[in-house]
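S.K.: Sequence:
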Amino acid sequence: MAACSAITTVVTIAEILKNNGLATEKKVLTSTIGMRDENRGRLVQKAKIEIVLGKTDKFDSLMNSTNANAEPEAAAKEEKDSNENKE
1 MAACSAITTV VTIAEILKNN GLATEKKVLT STIGMRDENR GRLVQKAKIE
51 IVLGKTDKFD SLMNSTNANA EPEAAAKEEK DSNENKE
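FYI, our numbering numbers position 78 of the sequence shown as 78, with every residue one higher than the one before it.
Derived by calculation from the structure, the hints in this document are not laboratory data.
Quick caveat: nothing in here was measured; it's all calculated off a predicted structure.
Don't take each hint at face value.
Restricting the straight-line Cα-Cα distance to at most 25 angstroms, the calculated cross-link-like pairs of lysine-lysine (DSS-like) are [what the hints assert, rightly or not]: (1) Lys-48 with Lys-18; (2) Lys-46 with Lys-27; (3) Lys-55 with Lys-27; (4) Lys-46 with Lys-26; (5) Lys-58 with Lys-26; (6) Lys-26 with Lys-55; (7) Lys-58 with Lys-27; (8) Lys-18 with Lys-55; (9) Lys-18 with Lys-58; (10) Lys-26 with Lys-48; (11) Lys-27 with Lys-48.
All chains should be built: construct the whole structure from the sequences, respecting the hints.
M.R.: The following block contains the structure:
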């Protein structure tokens, strides 16, 4: 049951990134894998998905602007912490 919810989560996140223009879909692979059922000791087939996404320019510009905004805030926090330690 957990595998189904994990696949749903992965697909949802990929769709959100694509719909917001932050990623492009490169490849989707689905398969089944055999796993041992711990309780019964028998082989059980489980679903597996692999989604490969590529970053877009929009993603890079968003990350760069986020990092640029974080640098002054981090410097201000370091200065404040430094001043508090001197007192």
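S.K.: Take the hints in turn and mark each one as holding or not.
M.R.: Hints, one by one, checked against the model:
no.	hint	verdict
1	Lys-48 with Lys-18	holds, 21 angstroms
2	Lys-46 with Lys-27	holds, 20 angstroms
3	Lys-55 with Lys-27	holds, 13 angstroms
4	Lys-46 with Lys-26	holds, 24 angstroms
5	Lys-58 with Lys-26	holds, 17 angstroms
6	Lys-26 with Lys-55	holds, 10 angstroms
7	Lys-58 with Lys-27	holds, 20 angstroms
8	Lys-18 with Lys-55	holds, 10 angstroms
9	Lys-18 with Lys-58	holds, 11 angstroms
10	Lys-26 with Lys-48	holds, 17 angstroms
11	Lys-27 with Lys-48	holds, 14 angstroms
The earlier numbered hints are all upheld by this structure, with none contradicted.
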